[in-house]
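Q: So the chains spell out like this:
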Amino acid sequence: MANAVDVQSLRKTFGKVTAIEELSFHVETGEIVGLLGPNGAGKTTAISILLGLVTPTSGKVRILGLDLPKDRIAILEKCNFTSAYVNLPGNLKVMENLVVFAGLYGVRNPKSKIMALLERFEIGHLHDRISGALSAGESTRVNLCKALLNDPELMLLDEPTASLDPDMADKVRKFLRELQKERGISMVYTSHNMRDVEEVCDRVLFMQKGRILTQGTPAQILEKFQESSLEEVFIRVARTGDLEEDKIK
Amino acid sequence: MKLHRVFALVQRHTFLIRRSPPRMIEMVFWPVMDLFVWGFLTVYLKKLGPAVPASITFLIGAMIFWDIFFRAQQGVTMSFIEDVWAKNLLNLFVSPLGLDEFLSATYLIGLIKVTVIVLVLSGLAFVFYDFNLYGLGLSLIPLFANLLIMGWAFGMFTTALIVRFGQSVEALAWGIPFLVQPVSAVFYPVSALPAWLQPIALCFPSTHSFEGMRQVLEGKGFPMHHMLWGFGLNILFLLGAGWFFSLMFKVARERGYLAKFGTQ
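Heads up: the protein sequence lines correspond to chains A and B, in order. To get the numbering used here, take the position in the first sequence, counting from 1, and add 1. To get the numbering used here, take the position in the second sequence, counting from 1, and add 8.
Worth flagging that the hints you see were computed from the coordinates, not collected in a lab. Treat the hints loosely; a few may be bogus.
Taking lysine-lysine and the DSSO-like style, the derived pairs with C-alpha atoms no more than 27 angstroms apart in a straight line are [stated by the list, open to error]:
{"#": "1", "chain 1": "A", "residue 1": "K71", "chain 2": "B", "residue 2": "K258"}
{"#": "2", "chain 1": "B", "residue 1": "K268", "chain 2": "A", "residue 2": "K71"}
{"#": "3", "chain 1": "A", "residue 1": "K94", "chain 2": "B", "residue 2": "K268"}
Just need the whole structure built from these sequences, with the hints factored in.
A: Listed below in structure tokens is the structure:
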């Protein structure tokens with residue numbers, strides 16, 4: 002079976018600035034891969050390229066066996082995206098917003114699908130609420146509902162548990178793992194919440210200055226670099242930019 | 009092209025308007041105020057005596073026709089700007105919505121708005137000023153279509169500028185139509201313009217619609233010459249605007265502007 006994501010020798014420059022120097026990675030079908038790195042590492046650019054928002058300078062990207070950018074629309078029909086920093090229009094009701102996106106994705110029986118998703122995230126009672134009046138945590142859950150409308154094969158999640166209280170964050174993490182088991186959804190997950198990464202991700206890619214510094218399961222990375230938590234690894238990457246083995250404790 | 013995506017976007021704007029009485033009122037407020045100003049002006053001019061031709065009421069028709077072009081352009085551009093303000097562009101760009109579907113939806117939204125406005129204005133013009141827009145007969149259809157298409161082309165062009173240069177050029181959404189108003193012979197014939205400006209004026213499809221409207225109102229028959237020129241020029245304008253629109257989106261993807269729209 003083809004990988005969900007195959008990125009080979011990706012490079013992206015914006016004028017004189019190199020956002021992605023050389024990036025090659027894959028996401029297996031049904032795998033959850035965390036993309037970590039300090040601000041400016043190139044994570045957002047990488048995600049934007051996978052979403053077809055940004056054209057690479059060079060390199061190849063295949064998603065679900067299809068080529069970007071040539072098959073962009075076909076890919077986007079099977080993918081979805083959610084970010085803690087991008088909300089649905091605040092001047093429409095939750096149901097109205099989700100009905101619009103259900104229409105964009107060609108979802109059948111949208112209202113029943115939407116209510117089922119809202120109930121799963123314990124926000125069924127908000128279907129008639131104006132989206133702009135929701136709390137940050139409620140908005141995050143509505144965004145997750147939007148991201149699941151089309152039963153995507155690949156989801157890109159940008160800080161999905163930001164603004165959630167620990168109880169709801171834990172429920173969302175468990176839900177994402179359930180989705181992976183039930184439906185084999187592949188995910189690319191960016192987060193600054195290391196607990197998210199440790200509990201959800203099968204594999205982690207650490208980026209710095211447009212390159213992958215290291216990758217592996219969370220346990221492998223901790224063992225390899227002999228840090229007590231992914232957070233310690235992250236801090237080391239962010240402050241020193243290096244993870245060479247000769248500098249391991 | 010998938011129609012369900014086009015209708016989804018039209019539905020979004022329907023929800024928006026339904027939810028906002030100010031938006032509903034605003035849709036007709038400015039055109040109605042304009043109609044009253046120009047309508048009372050024609051009433052006053054008619055009272056000045058025989059020096060003023062009876063066909064002065066064409067000013068009302070001109071005002072309504074101008075609104076067709078203006079609202080069609082606004083329909084396209086404002087649909088885009090609404091999503092910029094709502095920070096919803098990123099959600100749209102990462103959905104399988106194609107540019108052709110996006111444009112089709114904005115054209116449809118513009119057509120619906122223009123139709124509502126023309127119905128309201130023509131009714132008020134008849135009641136208050138005894139001006140019957142439908143007296144233009146079947147000529148109304150091609151004259152209307154010409155202005156609508158040119159409005160769509162200008163809307164595409166304006167939207168493309170915003171994609172490329174960002175929200176700082178939003179003012180163009182309102183300003184660009186008025187760049188062509190002086191040379192579109194809206195309220196005066198092309199012959200009123202300086203000789204050197206007349207060929208330039210005739211390069212705009214709108215000019216042919218307004219000249220054609222005056223020709224019909226003066227009882228000089230169906231303006232075939234203006235219709236053919238208008239449609240021919242519109243094909244060029246649409247192709248040019250479409251090419252520019254695609255190019256600006258291509259540049260925006262290369263330079264990362266689309267991703268920035270969603271987060272700024």
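Q: All hints, please: hold or fail.
A: Verification of the hints:
no.: 1; hint: A:K71 with B:K258; result: 13 angstroms, holds
no.: 2; hint: B:K268 with A:K71; result: 22 angstroms, holds
no.: 3; hint: A:K94 with B:K268; result: 25 angstroms, holds
Violation of the numbered hints given earlier is absent; every hint is satisfied by the structure.
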